Amino acid sequence: MKRLKFVLLTFLFISFFSLVSTASFSGADLVQNQNVSNVLVGDSITAAWPWQNLLAKKDIVNRGVSGDTSALILQRMDGILSVRPKKAFLMFGINDFGRGADTEQVFNNYKKIIEILQNAKIKVIVSSTIKCSTNQFYLQPQVINKKVDALNVKLKDFCQKNGITFVDINERLSDPNGGLNEKYTVDGVHLNYAAYQEWAKLLSPLINSN
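Residues 1 to 210 in UniProt numbering are what the sequence shown lists, from first letter to last.
Using C-beta positions, here's what the derived DEER-type ranges look like:
no., residue 1, residue 2, range
1, Asn119, Lys183, 39 to 49 Å
2, Lys58, Ser82, 13 to 23 Å
3, Leu74, Asn162, 14 to 24 Å
4, Arg172, Asn53, 10 to 20 Å
5, Pro176, Leu81, 35 to 45 Å
6, Gly100, Pro176, 27 to 37 Å
7, Gly67, Asn135, 18 to 28 Å
8, Gln118, Asp149, 21 to 31 Å
List time: in silico DSSO-like cross-link candidates among lysine-lysine, alpha-carbon distance up to 27 Å:
no., residue 1, residue 2
9, Lys201, Lys121
10, Lys161, Lys87
11, Lys161, Lys121
12, Lys87, Lys121
13, Lys121, Lys111
14, Lys86, Lys57
15, Lys57, Lys121
16, Lys156, Lys111
17, Lys201, Lys156
18, Lys57, Lys201
19, Lys123, Lys111
20, Lys156, Lys183
21, Lys123, Lys156
22, Lys146, Lys111
23, Lys123, Lys201
24, Lys123, Lys112
25, Lys86, Lys58
Hints listed in this document are in silico derivations from the structure and should not be mistaken for laboratory results. Treat the numbers as computed from the prediction; the structure is a model and nothing was measured. By construction, the Cβ of each residue, glycine as well, lies at the ideal position given by its N, Cα and C atoms.
Take these sequences, add in the hints, and give me the full structure.
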């Protein structure tokens, strides 16, 4: 009985502080972005982006969520649409492949997300899904990067056919072996400040344009 009470109290404690944390983040997010022109959509790579320092414009809201997959992003589109942005910058997919998804699944989710954004009159900019380093060991880099390459081919072709801007960040961040360059990553997957600087150089003109 005591153990059950302890478990319940622990659960309530964690749930309470999770809600407080979420509410605080959301509140600060909305206060800082009352007039939002740009929204960043993605996973932990997007969530960790120090855009306040790297992008000239401040009317940006970051909707990157750690661990997110394309399917999970599809489920939270209402929250993305709620900030009423003019432009949405997309980059995700690595978590899908880390969990065994195939390229077609992720591509189909991308198309659904893009359709939802375009139906809301939001301009879409797609960054290529960033590959992982061939030197990291907790993912299968050859398998993952092969899927990433296949997805990026599909995304680039889809964007070109539908008048959507496609930004190939892998051209700047990849090493001669075709994986994420070690000088741009902290762990083989997530980016360091130098990588975000390179990404910002590509996106800044698009963020600052009308």
